[in-house]
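Student: If you read the sequences in order, they're chains Z and X. The letter at position 327 of the first sequence is residue 327 when you use our numbering, and the numbering goes up by one with no holes. In our numbering, each residue's number is its place in the second sequence (first place is 1) plus 489.
Honestly, I wouldn't trust all of these hints.
Computed spacing ranges between beta-carbons, pair by pair [what the hints assert, rightly or not]:
{"id": "1", "chain 1": "X", "residue 1": "Glu-549", "chain 2": "Z", "residue 2": "Glu-156", "range": "33 to 39 angstroms"}
{"id": "2", "chain 1": "Z", "residue 1": "Thr-287", "chain 2": "X", "residue 2": "Asp-644", "range": "54 to 60 angstroms"}
{"id": "3", "chain 1": "X", "residue 1": "Leu-745", "chain 2": "Z", "residue 2": "Ala-161", "range": "53 to 59 angstroms"}
{"id": "4", "chain 1": "X", "residue 1": "Glu-900", "chain 2": "Z", "residue 2": "Val-261", "range": "46 to 52 angstroms"}
{"id": "5", "chain 1": "Z", "residue 1": "Arg-183", "chain 2": "X", "residue 2": "Arg-544", "range": "32 to 38 angstroms"}
{"id": "6", "chain 1": "X", "residue 1": "Asp-554", "chain 2": "Z", "residue 2": "Thr-235", "range": "21 to 27 angstroms"}
{"id": "7", "chain 1": "Z", "residue 1": "Glu-156", "chain 2": "X", "residue 2": "Arg-615", "range": "39 to 45 angstroms"}
{"id": "8", "chain 1": "X", "residue 1": "Leu-745", "chain 2": "Z", "residue 2": "Lys-129", "range": "50 to 56 angstroms"}
{"id": "9", "chain 1": "X", "residue 1": "Gly-654", "chain 2": "Z", "residue 2": "Glu-361", "range": "54 to 60 angstroms"}
{"id": "10", "chain 1": "X", "residue 1": "Arg-615", "chain 2": "Z", "residue 2": "Glu-387", "range": "43 to 49 angstroms"}
{"id": "11", "chain 1": "Z", "residue 1": "Glu-387", "chain 2": "X", "residue 2": "Pro-896", "range": "57 to 63 angstroms"}
Residues of chain X placed beyond 10 angstroms of chain Z at every Cβ, according to the derived structure [unchecked claim]:
{"id": "12", "residue": "Glu-557"}
{"id": "13", "residue": "Asp-587"}
{"id": "14", "residue": "Glu-693"}
{"id": "15", "residue": "Glu-734"}
Derived from the structure by calculation, the hints contain no laboratory data. Cβ coordinates follow ideal geometry from the N, Cα and C atoms, glycine included.
2 protein chains.
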Amino acid sequence: MIWLRLLVSVSACLLPGCASMPQQSQRGSHVEVASTLPTPSISTRYRETAERITRAILAENQAYDRLEELCVGIGHRLSGSIGLEKAIDWAMATMKSDGQVNVGRENVMVRHWVRGDESVTMLEPRVQKLNVLGLGDSVGTPPEGITAPVVVVADEEELEALGEGVRGKIVLFNRAMPPYDPRRGSGYGTAVRYRVHGARMAAERGAVGSLIRSVTASSLHTPHTGGMQYGDAPTRVPAAALTIEDTETIARLQSLGIPVVVNMKMEAKSLPDAVSANVIGELRGSTHPEEVVVIGGHIDSWDVGHGAHDDAGGCVIAMEAMHVLRKLNLIPRRTIRVVLWTNEENGLAGGKAYAAQHAGELGRHVAAIESDSGVFKPLGYGISCTEKDREAVAAAQLEEIMGLFPPEMGELTARIGGGGPDISPMRKAGVILMGHRVEGSRYFDYHHTHADTIDKVDREELSRNVAMMATVAYILADMPERFGGSPSP
Amino acid sequence: MIWLRLLVSVSACLLPGCASMPQQSQRGSHVEVASTLPTPSISTRYRETAERITRAILAENQAYDRLEELCVGIGHRLSGSIGLEKAIDWAMATMKSDGQVNVGRENVMVRHWVRGDESVTMLEPRVQKLNVLGLGDSVGTPPEGITAPVVVVADEEELEALGEGVRGKIVLFNRAMPPYDPRRGSGYGTAVRYRVHGARMAAERGAVGSLIRSVTASSLHTPHTGGMQYGDAPTRVPAAALTIEDTETIARLQSLGIPVVVNMKMEAKSLPDAVSANVIGELRGSTHPEEVVVIGGHIDSWDVGHGAHDDAGGCVIAMEAMHVLRKLNLIPRRTIRVVLWTNEENGLAGGKAYAAQHAGELGRHVAAIESDSGVFKPLGYGISCTEKDREAVAAAQLEEIMGLFPPEMGELTARIGGGGPDISPMRKAGVILMGHRVEGSRYFDYHHTHADTIDKVDREELSRNVAMMATVAYILADMPERFGGSPSP
Chain Z
1 MIWLRLLVSV SACLLPGCAS MPQQSQRGSH VEVASTLPTP SISTRYRETA ERITRAILAE
61 NQAYDRLEEL CVGIGHRLSG SIGLEKAIDW AMATMKSDGQ VNVGRENVMV RHWVRGDESV
121 TMLEPRVQKL NVLGLGDSVG TPPEGITAPV VVVADEEELE ALGEGVRGKI VLFNRAMPPY
181 DPRRGSGYGT AVRYRVHGAR MAAERGAVGS LIRSVTASSL HTPHTGGMQY GDAPTRVPAA
241 ALTIEDTETI ARLQSLGIPV VVNMKMEAKS LPDAVSANVI GELRGSTHPE EVVVIGGHID
301 SWDVGHGAHD DAGGCVIAME AMHVLRKLNL IPRRTIRVVL WTNEENGLAG GKAYAAQHAG
361 ELGRHVAAIE SDSGVFKPLG YGISCTEKDR EAVAAAQLEE IMGLFPPEMG ELTARIGGGG
421 PDISPMRKAG VILMGHRVEG SRYFDYHHTH ADTIDKVDRE ELSRNVAMMA TVAYILADMP
481 ERFGGSPSP
Chain X
490 MIWLRLLVSV SACLLPGCAS MPQQSQRGSH VEVASTLPTP SISTRYRETA ERITRAILAE
550 NQAYDRLEEL CVGIGHRLSG SIGLEKAIDW AMATMKSDGQ VNVGRENVMV RHWVRGDESV
610 TMLEPRVQKL NVLGLGDSVG TPPEGITAPV VVVADEEELE ALGEGVRGKI VLFNRAMPPY
670 DPRRGSGYGT AVRYRVHGAR MAAERGAVGS LIRSVTASSL HTPHTGGMQY GDAPTRVPAA
730 ALTIEDTETI ARLQSLGIPV VVNMKMEAKS LPDAVSANVI GELRGSTHPE EVVVIGGHID
790 SWDVGHGAHD DAGGCVIAME AMHVLRKLNL IPRRTIRVVL WTNEENGLAG GKAYAAQHAG
850 ELGRHVAAIE SDSGVFKPLG YGISCTEKDR EAVAAAQLEE IMGLFPPEMG ELTARIGGGG
910 PDISPMRKAG VILMGHRVEG SRYFDYHHTH ADTIDKVDRE ELSRNVAMMA TVAYILADMP
970 ERFGGSPSP
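Chain Z with its partners taken away, still in its complex shape (with noise of 0.2 angstroms):
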């Protein structure tokens, strides 16, 4: 992604479209002008209910309570999972209790992959359990596990090096995740290769199993899970993660010339696809309810912790956001959807079929907002959009949005580039796709581990993201003109 800092020089005024905007009464605190004035800018029309929605999300919310609901009192959700079907039901009925309209499920199949027991123990040098966590849709080993010598390397090329030394082996990919960078992020992208396709690369070469360092650049002693890919694999073999500290173990006992043995079990299997659903919930426009700014995250996560920033929050953010919104009374013109996807994590079969079952509509998606990047400081939205000219007007009017807010929020940006997982089925149809974005330097941390539970995530933290994304929403739902100049249809 490029990210492009921009600056706040294009007032709506100017927008394609603009002028043919029709002028609508007064809603919420902004104000009416005579359509021979010149159109408002997004400040002068938006600025006193951009901080009112703030001051009011941040004086009280119900979003911590709701996170605690869904991690605590539910857990984890993974795909196929009773944990997932609960969420979805609790996510109806709260939206329904919050007076939202069209609260319902758009059922979906997706995977169903169950980890079962699963344990790697090395027997040479010395007896040792290590921590491990099988990689989701990995096979299984046969009962008494696979055993086998462990052979490391740090990469593709020196696993390709190694040539027949792999066969019959363990092969266990050492590739370092950096430490957080502000300037280059997390470095994710790149490190998780070997969690992807390691075991694919293992079995190329005849080995029988597949470990690899956790993708992360910190550990306390804790394996990262997620999702593999056999690809055209000769054979699929069992793909786990280590922690770093078991990684570094054998990596220094092979260094020092000492051979290293390990048994690994998992009873991991693929079940038939079970029925789950993404959650859709409405507060429908006022004049143009066709028209439609989608808000959401993914109500799936793997099955481990409580799937708290990822994505437990960005669900509870755009539910509380939308409940604020009512409670305060401010109907937008269009419509604001909260969608949950189901399935990100292995499949993201929710956020395909969504797009497919809401194609003909989504020429009226005025854009859609994803949070799936944790619950930390709000630092804005990354916009994208197939076509680059309204990419460029949406990308100014979000930047004079995140001038909008009050100083308790920090500094806000709009930047080129992002959108989320869920919301890219939705680019070629050329819907505009943002990303909400914070600070990120612990997110990974926790990702997809036991220890992406509610006590990582920091209340106030959490009502800047519902305040940061309530009036994004409303504001794209709300403003005359259509949101990277469209007009409306």
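Position chain X relative to chain Z; hints supplied.
Tutor: Using the frame of chain Z, we list chain X on its own:
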């Protein structure tokens, strides 16, 4: 402990006993002065030597390689384990190969507690395996485990208030350790109370098991083990530590009014005491070999991780300090003795045995220095002695020594107060005790966990610790006047 920052104001020649010091021939790089002249200050005598030792160590040393041999090649070292005995053999072999003398083992009987398999599984409101570490010296459970409702309490008063409500339950002590504070320290001393005494408190009120929130301020789903004591408990109930995350989940379920039931299974048991040993090695003094400066750490660890910071690092710092002095041919007037104590973690049998077995020569112990606070940025030494006038003189001398290091060592200081667990049994004999001080913000993140591994030790910080200990040990062993002002007997 009371920390006092001392000002460097006392020069060595003003100290009691100074006038009676015989002047020694030139040794190392310090300067001979005629006995009719005032005794030169420590600064004058030893600045050049201190810089020589420090720079030699910072340029090259074997500490990290040795730490790797101990941590990775051997692993953890609980009393009674094969790992501990291998470590003792390794330490003796290493000191012999370094050319040290009087290398040997001094046998000590130690507790022999074995963990066995253990698990805590939440059964209600949903089935979830929790991450657990049994506490050292805990009893086990019947093979089927103990299944009981959990009652969460913040402290002893809350436990007391529950009265009969505790009977038949498993108590979970949810006492949070505060984040590290550079001024107040870790808060470990207060928080550890429920680890040590929780099982007794719970059993006194009829509980059938005792769980604690791990004693740490920081967690990535990381349980912390450690010692516990039954004292006069009416019955011995099994005791284990949960992670912060699992503790928070159970405590919040209780707050939400959702009952929690768990099953605790522990195979833990105590076997008959085992033979272990303190390891000794010496750099014999040239003119007062009967006078001894002891330096060391404890060779045992808990049965998790590498025991890298606790306390492989302390052992290696002392061994390498003595090794470097011998390589540099810096033979002090008095003897430097490395002592690696056994069984610090669950009995302190090594420390007690050393004081008893060497009772006759403790009057000739110039100082005893222990490093048992991890391998982080070195800060200097804490010092204590039952004889307060000697303590004050020694502290002033030590502060002067702390000023001798080149700038790459950072600021080092001497403080009143400090020592170490294994040297504490020498206190009542009037030995000057010194604790090797390091920056403390991360120690309790790793303490007694699977995450106390060599990858958490910085190579440069390790070298700086070796330099600090080698220099101080050399000067204390070599200075003509006896450290603390008492004349040599």
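Student: If a hint holds in the structure, say so; if it does not, say that too.
Tutor: To see whether the hints hold, each was checked on the structure:
| no. | hint | verdict |
| --- | --- | --- |
| 1 | X:Glu-549 - Z:Glu-156: 33 to 39 angstroms | holds (35 angstroms) |
| 2 | Z:Thr-287 - X:Asp-644: 54 to 60 angstroms | holds (58 angstroms) |
| 3 | X:Leu-745 - Z:Ala-161: 53 to 59 angstroms | holds (55 angstroms) |
| 4 | X:Glu-900 - Z:Val-261: 46 to 52 angstroms | holds (48 angstroms) |
| 5 | Z:Arg-183 - X:Arg-544: 32 to 38 angstroms | holds (36 angstroms) |
| 6 | X:Asp-554 - Z:Thr-235: 21 to 27 angstroms | violated (40 angstroms) |
| 7 | Z:Glu-156 - X:Arg-615: 39 to 45 angstroms | holds (40 angstroms) |
| 8 | X:Leu-745 - Z:Lys-129: 50 to 56 angstroms | violated (33 angstroms) |
| 9 | X:Gly-654 - Z:Glu-361: 54 to 60 angstroms | holds (57 angstroms) |
| 10 | X:Arg-615 - Z:Glu-387: 43 to 49 angstroms | holds (47 angstroms) |
| 11 | Z:Glu-387 - X:Pro-896: 57 to 63 angstroms | holds (60 angstroms) |
| 12 | Glu-557 | violated (6 angstroms) |
| 13 | Asp-587 | holds (20 angstroms) |
| 14 | Glu-693 | holds (30 angstroms) |
| 15 | Glu-734 | violated (4 angstroms) |
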